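Generate the whole structure from the sequences, applying the supplied hints.
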Amino acid sequence: MTQANAAGSLQPNLYRPSSIPPSQILVMMRARFLASATALCGPLLALALTTPAAAQQRAYLIWLDAAKIDVAKVMGLPPAQNSPEHRAEFEKVLALSSARTPEREKQAIADQYQTFNAFLKGMDHNYIDGTHRETRLLMREAQVELAILLKSVNRLTSRIRPFQMWNKVRVKPCPGGRPEGTSFPSAHAATAALYATLLSDAVPELADKFEERVKSYDESRLICGFHYPTDLEAGDKIGRVVAKALLAEKAFKVRYDETKPEIRQAFGLK
1 MTQANAAGSL QPNLYRPSSI PPSQILVMMR ARFLASATAL CGPLLALALT
51 TPAAAQQRAY LIWLDAAKID VAKVMGLPPA QNSPEHRAEF EKVLALSSAR
101 TPEREKQAIA DQYQTFNAFL KGMDHNYIDG THRETRLLMR EAQVELAILL
151 KSVNRLTSRI RPFQMWNKVR VKPCPGGRPE GTSFPSAHAA TAALYATLLS
201 DAVPELADKF EERVKSYDES RLICGFHYPT DLEAGDKIGR VVAKALLAEK
251 AFKVRYDETK PEIRQAFGLK
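In terms of our numbering, the sequence shown opens at residue 1 and continues consecutively.
These aren't lab readings, by the way, just hints derived from the structure by calculation. None of these values were measured; they are calculated from a predicted model. Incorrect hints may appear among the rest.
[What the hints assert, rightly or not] Taking lysine-lysine and the BS3-like style, the derived pairs with C-alpha atoms no more than 25 Å apart in a straight line are:
| no. | residue 1 | residue 2 |
| --- | --- | --- |
| 1 | Lys68 | Lys151 |
| 2 | Lys121 | Lys250 |
| 3 | Lys172 | Lys253 |
| 4 | Lys250 | Lys92 |
| 5 | Lys73 | Lys172 |
| 6 | Lys121 | Lys270 |
| 7 | Lys270 | Lys253 |
| 8 | Lys250 | Lys260 |
| 9 | Lys106 | Lys215 |
| 10 | Lys73 | Lys260 |
| 11 | Lys106 | Lys172 |
| 12 | Lys244 | Lys209 |
| 13 | Lys68 | Lys244 |
| 14 | Lys151 | Lys215 |
| 15 | Lys68 | Lys92 |
| 16 | Lys244 | Lys92 |
| 17 | Lys209 | Lys260 |
| 18 | Lys121 | Lys106 |
| 19 | Lys260 | Lys270 |
| 20 | Lys209 | Lys270 |
| 21 | Lys106 | Lys73 |
| 22 | Lys237 | Lys121 |
| 23 | Lys253 | Lys209 |
| 24 | Lys121 | Lys68 |
| 25 | Lys237 | Lys151 |
| 26 | Lys209 | Lys106 |
| 27 | Lys168 | Lys151 |
| 28 | Lys244 | Lys73 |
| 29 | Lys244 | Lys151 |
| 30 | Lys215 | Lys250 |
| 31 | Lys237 | Lys68 |
| 32 | Lys209 | Lys237 |
| 33 | Lys215 | Lys68 |
| 34 | Lys92 | Lys106 |
[What the hints assert, rightly or not] Ranges between beta-carbon positions, derived for each pair:
| no. | residue 1 | residue 2 | range |
| --- | --- | --- | --- |
| 35 | Gln265 | Ala99 | 14 to 22 Å |
| 36 | Lys68 | Glu105 | 19 to 27 Å |
| 37 | Val169 | Val254 | 50 to 58 Å |
| 38 | Gly176 | Ser216 | 30 to 38 Å |
| 39 | Lys73 | Val169 | 30 to 38 Å |
Where a beta carbon is used, it is the ideal one built from N, C-alpha and C, also for glycine.
Next comes the structure, spelled out in structure tokens:
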């Protein structure tokens, strides 16, 4: 359980085991040995199950030069735990999650899927789901490029998610799967910004709608208690930087320009 100290500070969930009988030490040592032998298997299996198929095929960048994108500099650092800024963010997430309606919760749960189709389903458009193969492949591959860059900075932070913290009152997460790992930055926000930037370049007529969708997609992460506002801001910055870097990369731009007519047709435009 998370604990609030006398000063009301936010604390992560902690568990203190009871004293261990000497007779159990040998058993535990053997268990730890087996755990260390299989330690690498768990992360690899989890990555295979949660990463898009395209990402499973490579762990390196195809179009971008990672040395030219300082992702850590772009995203900055989150507010320190228990700082006034952190407490203010927590209170905002608590208020939003507590006031969510059943209808908004349903949409927020749908927004937990970090895919191109999930992004489009939350906005009013003429896009026909399941068609326009090249458009879907291009967006998926761009997302994989972004995901690889995010992996390089995830180890730099270990921010506790809002639903894992409490200060007298806990944030109630949305039903369903609960994200693990650091809260900062938000990969969902990064993906939404990536999609919006790439789509707006091809379909400027719908740029406002894409940006509105980014806001609602990001808000779902707050409503579910999965992220803080600064997590979303950092993710948004990274997503846009990567999208612009892709559009500036000659090899990607050639592929993008070839797909642009299909992207416009996908939204019912010429």
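Pair hint Lys253 and Lys209, alpha-carbon separation not exceeding 25 Å: holds (23 Å)
Pair hint outcome, Lys121 versus Lys68 [Cα-Cα no greater than 25 Å]: violated (34 Å)
Hint check for Glu105 and Lys68 - Cβ pair distance inside 19 to 27 Å: violated (41 Å)
Status of the given 50 to 58 Å range, CB of Val254 versus CB of Val169: Between Val169 and Val254, where Cβ atoms are some 53 Å apart, the hint holds.
Pairwise hint evaluation, Lys215 against Lys151, where the allowed Cα distance is 25 Å at most: This hinted pair holds, its Cα atoms lying about 24 Å apart.
Pair hint outcome, Lys244 versus Lys73 [Cα-Cα no greater than 25 Å]: Distance ~16 Å between Lys244 and Lys73 Cα, so the pair holds.
Consistency of beta-carbon spacing, Ser216 to Gly176, with hint 30 to 38 Å: violated (18 Å)
Proposed proximity, Lys250 with Lys121 (alpha carbon, max 25 Å): The hint is violated at about 31 Å.
Distance restraint between Lys172 and Lys253, which requires alpha-carbon spacing of 25 Å or less: Not OK: Lys172 and Lys253 at ~43 Å, beyond 25 Å, violated.
Pair hint outcome, Lys209 versus Lys106 [Cα-Cα no greater than 25 Å]: holds (21 Å)
Satisfaction of hint between Lys260 and Lys250, Cα-Cα up to 25 Å: Judged against 25 Å, a Cα distance of about 15 Å means the pair holds.
Restraint status (C-alpha distance of Lys73 to Lys172 at most 25 Å): violated (32 Å)
In summary, the structure is inconsistent with hints 2, 3, 4, 5, 10, 15, 16, 21, 24, 27, 30, 33, 35, 36 and 38 from the numbered list given earlier, while agreeing with the others.
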